[in-house]
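Participant: Sequence:
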Amino acid sequence: MLDVKEIFKRIPHRYPFLLVDRIAEIHGDEKIVGIKNVSINEPFFQGHFPNRPVMPGVLICEAMAQVGAIFARNARGGMAGDKVFVLTGLDKVKFKRPVEPGDQLRLELTCLKRRGTFWKMQGVASVDGKLVAQAEISAMEIEME
Numbered sequence: 001m002l003d004v005k006e007i008f009k010r011i012p013h014r015y016p017f018l019l020v021d022r023i024a025e026i027h028g029d030e031k032i033v034g035i036k037n038v039s040i041n042e043p044f045f046q047g048h049f050p051n052r053p054v055m056p057g058v059l060i061c062e063a064m065a066q067v068g069a070i071f072a073r074n075a076r077g078g079m080a081g082d083k084v085f086v087l088t089g090l091d092k093v094k095f096k097r098p099v100e101p102g103d104q105l106r107l108e109l110t111c112l113k114r115r116g117t118f119w120k121m122q123g124v125a126s127v128d129g130k131l132v133a134q135a136e137i138s139a140m141e142i143e144m145e
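In our numbering, the protein residues as written are 1 to 145.
Note that these hints are calculated values from the structure, not bench results. One or more hints might be untrue.
[As the list claims (entries may be wrong)] Cβ pair distances, simulated, as ranges:
1. Leu90 / Lys9: 38 to 44 Å
2. Asp29 / Glu143: 19 to 25 Å
3. Leu87 / Lys9: 18 to 24 Å
4. Asn51 / Glu6: 36 to 42 Å
5. Asn51 / Asp91: 31 to 37 Å
6. Glu25 / Met144: 14 to 20 Å
7. Gly47 / Leu18: 37 to 43 Å
Source: prediction; values computed, not measured. Glycine included, every Cβ here is placed at the ideal spot set by N, Cα and C.
Required output: the full structure, derived from the provided sequences and hints.
Facilitator: See the structure below:
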């Protein structure tokens, strides 16, 4: 549904910190699904870990947060403008299995609560239908300076 050019219009993240390649599904302000194709060329694999490359769990959470920001931005009209969604909290974070080079990470977020510019979302990350991580993600919209 949204390619990287459309993602650029919604969030300020760029390489090497953009952790979503495309948005596969958007269901209004209820649910969104993003995709991250995990390549051996990712900068973090150089040191995490050289003999057994594994995507850091905090970056899986960041990928979910970026998809969540696109979700919230889309629900508020689409384009980024002079405001940005920032991560304000992570709760109930669990990592179930490693994400390795060659994996396609599916990032699904559903809205738990929305009040003004504050969002709370349930994030689920999976590879080949198997759960790799989950978290409750809180974010809010602020003015960029």
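Participant: Does 18 to 24 Å hold as the CB distance between Leu87 and Lys9, or does it fail?
Facilitator: For Lys9 against Leu87, whose Cβ atoms are near 20 Å apart, the range 18 to 24 Å holds.
Participant: Using the Cβ atoms, figure out if Asn51 sits within 31 to 37 Å of Asp91.
Facilitator: Given range 31 to 37 Å: holds, Cβ gap about 33 Å.
Participant: Is 14 to 20 Å a correct range for the gap between the Cβ atoms of Glu25 and Met144?
Facilitator: violated, 28 Å
Participant: When you take the CB atoms of Gly47 and Leu18, is the distance between them in 37 to 43 Å?
Facilitator: violated, 20 Å
Participant: For the pair Leu90 and Lys9, does the Cβ-Cβ distance stay inside 38 to 44 Å?
Facilitator: violated, 26 Å
Participant: Would you say the C-beta atoms of Asp29 and Glu143 sit inside 19 to 25 Å of each other?
Facilitator: holds, 22 Å
Participant: Does the Cβ distance between Asn51 and Glu6 fall inside 36 to 42 Å?
Facilitator: At roughly 38 Å between Cβ atoms, Glu6 and Asn51 fall inside 36 to 42 Å, so the hint holds.
Checked against the numbered hints given earlier, the structure breaks hints 1, 6, 7 and satisfies all the rest.
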